[in-house]
Amino acid sequence: MGGALLLASAQFGLNRVICDLTVHSPNVRQVHAFENLRNLLSRLYRHIVSNDTVLVLVVITALAFDFTNGFHDTGNAMATSIATGALPPRIAVAVSGVLNFVGAFLSLTVAATIASGLVATGKVTLTVVAAGLAGGIIWNLLTWLFGIPSSSSHALIGGVIGSTMAAAGGSAVLWHGLVSKVVIPAVLSPVIAGLIAACGTWLLYRITRSLAEGARKHGFRIGQIGSACVVSLAHGTNDAQKTMGVITLALIANGTLAKGSQAPVWVITCCALAIALGTYIGGWRVIRTLGKGLVEIESPQGMAAESASAAVILLSSTFGYSLSTTHVATGSIIGTGVGKKGAQVRWNVAGRMATAWVFTLPSAAIVGATAYGIAYGIGGTAGVIVDLVVLAALCGLIYWRSRATKVDHSNVNAEWSGTVAPEQVPAQATAA
Amino acid sequence: MSWINLTALWKIVVFGLIAGAGLPALFAGGLYSLSLGPNRVRAAAEGGDSDVLVGGSVAGMVVAAIAFLIILAAIGWCVYEIYTLGHPAPAKK
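Line by line, the protein sequences give chains A and B. To convert, count from 1 in the first sequence and add 2; that's this note's numbering. To convert, count from 1 in the second sequence and add 927; that's this note's numbering.
Honestly, the hints are just simulated from the structure, not real lab data. Glycine included, every Cβ here is placed at the ideal spot set by N, Cα and C. There may be inaccurate statements among the hints.
[As the list claims (entries may be wrong)] Computed from the model, here is a short list of chain B residues facing chain A with C-beta under 8 angstroms: (1) Lys-938; (2) Val-940; (3) Pro-951; (4) Ser-962; (5) Asp-978; (6) Met-988; (7) Val-990; (8) Ala-992; (9) Ile-993; (10) Leu-996; (11) Ala-1001; (12) Trp-1004.
[What the hints assert, rightly or not] Cβ-Cβ distance ranges computed for the label pairs, FRET-style: (13) Thr-407(A) with Ala-992(B): 19 to 27 angstroms; (14) Val-985(B) with Thr-421(A): 46 to 54 angstroms; (15) Gln-264(A) with Ala-1000(B): 25 to 33 angstroms; (16) Ala-384(A) with Ala-935(B): 43 to 51 angstroms; (17) Thr-407(A) with Ala-935(B): 41 to 49 angstroms; (18) Gln-264(A) with Leu-933(B): 37 to 45 angstroms.
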């Protein structure tokens, strides 16, 4: 934007010079040279201004996605602590928000840019990125409305793949990369996390079996807070980087940054803020499903689940797998239900979730492709603007729908009655 | 190109079990040894659901403190590792 301003003032100055010259000096060649220079600058100016508009729109959309990423995933870290009462709901989301913010600064290697290895990056334009982000946001909000913890990373990947396919055809998608980097880890990671959480749960109950029930609950609540904090930190490190990668990719595609550049500080700060704010707003619907819907959780189970999630997320990102925190957290919570004698896993809720996971990639891809189609049909900056207006309208509609069955910090722990939104009960009943 | 990285997979499972189940188990062990001592016997005699964590045995408290310190050190080390991995030193020319 600064460059555009500079160019505009340079043009203005040149115009003055040209006027002066035509009046005071009859040197035609000199005037002509200045006119050429001015025309060149004005073409450059138009080019930069139009692209800058799209770039700014892409950055805003990316930050919006980061925000939905934050509030969709608050539950991954905090659902169990909220369900067992280890932390009051509003404190829990605030702590998680702060740790997500810190986590975003913890690691700065934007190695796992979302598109690399999945689509032919040469085919990715700003419009493709904007359309892909739109796909991710819509799917995140829809699953939130139904209280289904689905993967934000898959939503983003699906959206970008859909818009890339619409722009450049199926050959622009690296299918092998998609299966080995996204699909297989998505199937394996919840199983591994569940296994670890089940072992952990069994061990915790076994070791503390001679403790009084109250002492055990008290002790593990403290441990649970610690482990949930580590998951929040890991989430910030993992997920904020994905958006940083997208924005950096857009800046490089636009020529603002040199190829292979690191994410600039303002990108890191904005992404950290967006994900922290989203986390703080709290996706109460998803928190409720994770904390109350899947398994009735006690504090030792909560600690086992969060420790398993933290270990799997951090280890796999060390080995270069960027996997979905949601899949891991859900697998862990189911694992704690399996590992405790007498605990009951609501497999129908788990099944509904698994179905949503299967549909995440294709659904986000369809939205991404449609968004690209709209932008391409209208063309240019106007196309992207229309896309984002439609996106904003749809988001508003989903939010308005969610108001009818409100879930927030006050009723997030109400008895599970088979639905995301608790049945309308008198106030004193929900407070219990 | 392989579809699945088996080396990374078993490492994630083994180290995951050590860190993800082992550390909480250590925490549980810490809670157990913390609870040893006269308070616990008294609480058991009185019956009811006590939520007192400290049993009063000095040895138990020391063991518990060591267990909790190991866990904190492990978390601190892990955060440090992420930080160093995420901020690679500029390559020497």
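Hints and how they fare:
1. The beta carbon of Lys-938(B) comes within 7 angstroms of a beta carbon in chain A, closer than 8 angstroms, and the hint placing it at the interface holds.
2. Nearest Cβ of chain A to the Cβ of Val-940(B): about 6 angstroms, under the 8 angstroms cut. The hint holds.
3. The criterion of a C-beta within 8 angstroms of any C-beta in chain A is met by Pro-951(B), whose closest approach is roughly 4 angstroms, and the hint holds.
4. Interface restraint check: Ser-962(B) against chain A, minimum CB-CB distance 6 angstroms, threshold 8 angstroms, status holds.
5. Annotation: interface hint on Asp-978(B) holds; nearest CB of chain A at approximately 3 angstroms, less than 8 angstroms.
6. Of the supplied interface hints, the one on Met-988(B) is violated, with its beta-carbon coming no nearer than about 14 angstroms to a beta-carbon of chain A, more than 8 angstroms.
7. About 13 angstroms separates the beta-carbon of Val-990(B) from the nearest beta-carbon of chain A, more than 8 angstroms, and the hint is not met.
8. Of the supplied interface hints, the one on Ala-992(B) is violated, with its beta-carbon coming no nearer than about 14 angstroms to a beta-carbon of chain A, more than 8 angstroms.
9. At a threshold of 8 angstroms, the smallest CB-CB gap from Ile-993(B) to chain A is about 16 angstroms, leaving the interface hint violated.
10. Hint status for Leu-996(B) relative to chain A: violated, with the closest Cβ pair at about 13 angstroms, above 8 angstroms.
11. Checking Ala-1001(B) against chain A by beta carbon gives a least distance of about 10 angstroms; that is not within 8 angstroms, so the hint is violated.
12. The interface hint given for Trp-1004(B) is violated, since its Cβ lies 11 angstroms from the closest Cβ of chain A, which is over the 8 angstroms cut-off.
13. A beta carbon spacing of about 48 angstroms between Thr-407(A) and Ala-992(B) contradicts the range 19 to 27 angstroms that was offered as a hint.
14. Between Val-985(B) and Thr-421(A) the beta carbons are some 52 angstroms apart, a value that agrees with the proposed interval 46 to 54 angstroms.
15. Against the hinted window of 25 to 33 angstroms, the Cβ-Cβ separation of Gln-264(A) and Ala-1000(B) comes to about 31 angstroms, which satisfies the hint.
16. For Ala-384(A) and Ala-935(B), the hinted distance range of 43 to 51 angstroms is satisfied, since their beta carbons lie about 46 angstroms from each other.
17. Between Thr-407(A) and Ala-935(B) the beta carbon distance is about 42 angstroms. The supplied range of 41 to 49 angstroms therefore holds.
18. Judged by the Cβ atoms, the range 37 to 45 angstroms given for Gln-264(A) and Leu-933(B) is violated: they are separated by roughly 32 angstroms.
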